[in-house]
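Listed below, chain by chain, are the residues.
2 protein chains.
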Amino acid sequence: MKKGFTLWFTGMSGSGKSTLAELVEKELLERGLNVEILDGDVIRTNLSKGLGFSQEDRDINIRRVGFVCNLLTRNGAIAIAACISPYKAIRDENRAMIGRFVEVYCQAPIEKLIERDPKGLYKKALAGEIKGFTGIDDPYEEPEKAEIVVNTAEETIEESVQKILRTLELMGHIDASDAQTEYSEEEEEEIKKRLADLGYI
Amino acid sequence: MKKGFTLWFTGMSGSGKSTLAELVEKELLERGLNVEILDGDVIRTNLSKGLGFSQEDRDINIRRVGFVCNLLTRNGAIAIAACISPYKAIRDENRAMIGRFVEVYCQAPIEKLIERDPKGLYKKALAGEIKGFTGIDDPYEEPEKAEIVVNTAEETIEESVQKILRTLELMGHIDASDAQTEYSEEEEEEIKKRLADLGYI
Chain A
64 MKKGFTLWFT
74 GMSGSGKSTL
84 AELVEKELLE
94 RGLNVEILDG
104 DVIRTNLSKG
114 LGFSQEDRDI
124 NIRRVGFVCN
134 LLTRNGAIAI
144 AACISPYKAI
154 RDENRAMIGR
164 FVEVYCQAPI
174 EKLIERDPKG
184 LYKKALAGEI
194 KGFTGIDDPY
204 EEPEKAEIVV
214 NTAEETIEES
224 VQKILRTLEL
234 MGHIDASDAQ
244 TEYSEEEEEE
254 IKKRLADLGY
264 I
Chain B
64 MKKGFTLWFT
74 GMSGSGKSTL
84 AELVEKELLE
94 RGLNVEILDG
104 DVIRTNLSKG
114 LGFSQEDRDI
124 NIRRVGFVCN
134 LLTRNGAIAI
144 AACISPYKAI
154 RDENRAMIGR
164 FVEVYCQAPI
174 EKLIERDPKG
184 LYKKALAGEI
194 KGFTGIDDPY
204 EEPEKAEIVV
214 NTAEETIEES
224 VQKILRTLEL
234 MGHIDASDAQ
244 TEYSEEEEEE
254 IKKRLADLGY
264 I
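Chains A and B are the protein sequences, given in the same order. Reading the first sequence from the start, the letters are residues 64 to 264 in the working numbering. Reading the second sequence from the start, the letters are residues 64 to 264 in the working numbering.
Please keep in mind that the hints were generated in silico from the structure rather than gathered at the bench. Any given hint could be a false lead.
As the list claims (entries may be wrong) - Only pairs whose alpha carbons sit at most 30 Å apart, straight line, appear in this in silico DSSO-like list of lysine-lysine:
| # | chain 1 | residue 1 | chain 2 | residue 2 |
| --- | --- | --- | --- | --- |
| 1 | A | K89 | B | K65 |
| 2 | B | K175 | B | K194 |
| 3 | A | K65 | B | K89 |
| 4 | B | K89 | A | K66 |
| 5 | B | K66 | A | K65 |
| 6 | B | K65 | A | K65 |
| 7 | B | K112 | B | K65 |
| 8 | A | K89 | B | K66 |
| 9 | A | K151 | B | K65 |
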């Protein structure tokens, strides 16, 4: 039996974390694996009601998500976290605790996110109606060594999903699938180069 | 592979929840199973810092423990909760959510608990230095249909542990062990009668 691991999606609001997390979950479930999504909203309802969005409260929230991911991971499940998690130090703290940790940085230019703005949050933040909004008046600290970077402004959703799955296969976290892949040889090379640079392969 | 389940210890402070939980965990780990203890103190550090002991805060805390037990259980692990969890409604809410839920009521006369008082908490509560202390000035609502009742004032620790393991075996949650049992035929009959009364066997 494969060991558990944590797939940690990080990125600004609207960058595609939840969408990608759900599609990856669907694919992993179809492969018969145990998967749990810990989505920012679910966690704030079930584990962190009452916490706000100050740095301190965000840190507590992300530590809690990490605590639960760790429990799932060490019991053989796949934990998928999808939280903005803007501060590098706490993400790295979770990485160190969990060990089997794969970071997916959902990257997109802020202009694009402001343009998309499905929940109208950037509009409110730019108007000063929401304070401490990541990317507007609160920092987003980019991951330096994310195992996976998806550029959701340039790639299609299918390409991003395939990139994530292929990386998990190459890292040995999941078995290789013989399903048709949605990306090019060039993209395969890019995935392999990243994993080689990080010392995985 | 066996399915996961939640073993939920409830009872007043000093009734033996954590001690029994740790011994049962040890035994289950030795049998090669995936087990996590969610102890009241661990949870209050990792998931519920900032929550107090009002009924509302206790309810939130116990719901969080239930949320995590549910995640572990449905991913095939054994979650062991050891929390006072004094209110029946919330325990039953967790039972309904989790499904594969085995309640262990750690029973002992309050006089005995006051006599033991390893942390000196009853003394403080009786002196009015701690408010809202379960069993003193806050209610403990006894389970009506606990799968297991251990009377830690009368049974030895070994007897209680064996009663718990034997019940889990009879319920089909764990495989029967051929290890020597520490209890009598009469006790075996008592376990079976309880499970039959609850409609399990």
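Hints and how they fare:
A distance of roughly 24 Å separates the Cα atoms of A/K89 and B/K65; the hinted pair therefore holds under the 30 Å criterion. For a cut-off of 30 Å, the pair hint linking B/K175 to B/K194 stands: about 20 Å separates their Cα positions. Pair hint A/K65 plus B/K89 holds up; C-alpha atoms about 24 Å apart against a cutoff of 30 Å. With a C-alpha separation of about 21 Å, the suggested pairing of B/K89 with A/K66 holds against the 30 Å cut-off.
Distance check on the hinted pair: B/K66 and A/K65 sit about 17 Å apart at the alpha-carbon level, within 30 Å; holds. Between B/K65 and A/K65, the direct Cα distance comes to roughly 17 Å. Compliance with the 30 Å bound is thereby established for this hinted pair. With a C-alpha separation of about 34 Å, the suggested pair B/K112 and B/K65 falls outside the 30 Å cut-off, and the hint is violated. A distance of roughly 21 Å separates the Cα atoms of A/K89 and B/K66; the hinted pair therefore holds under the 30 Å criterion.
Taking the CA atoms of A/K151 and B/K65, the gap is near 39 Å; set against the 30 Å cutoff, the hint is violated.
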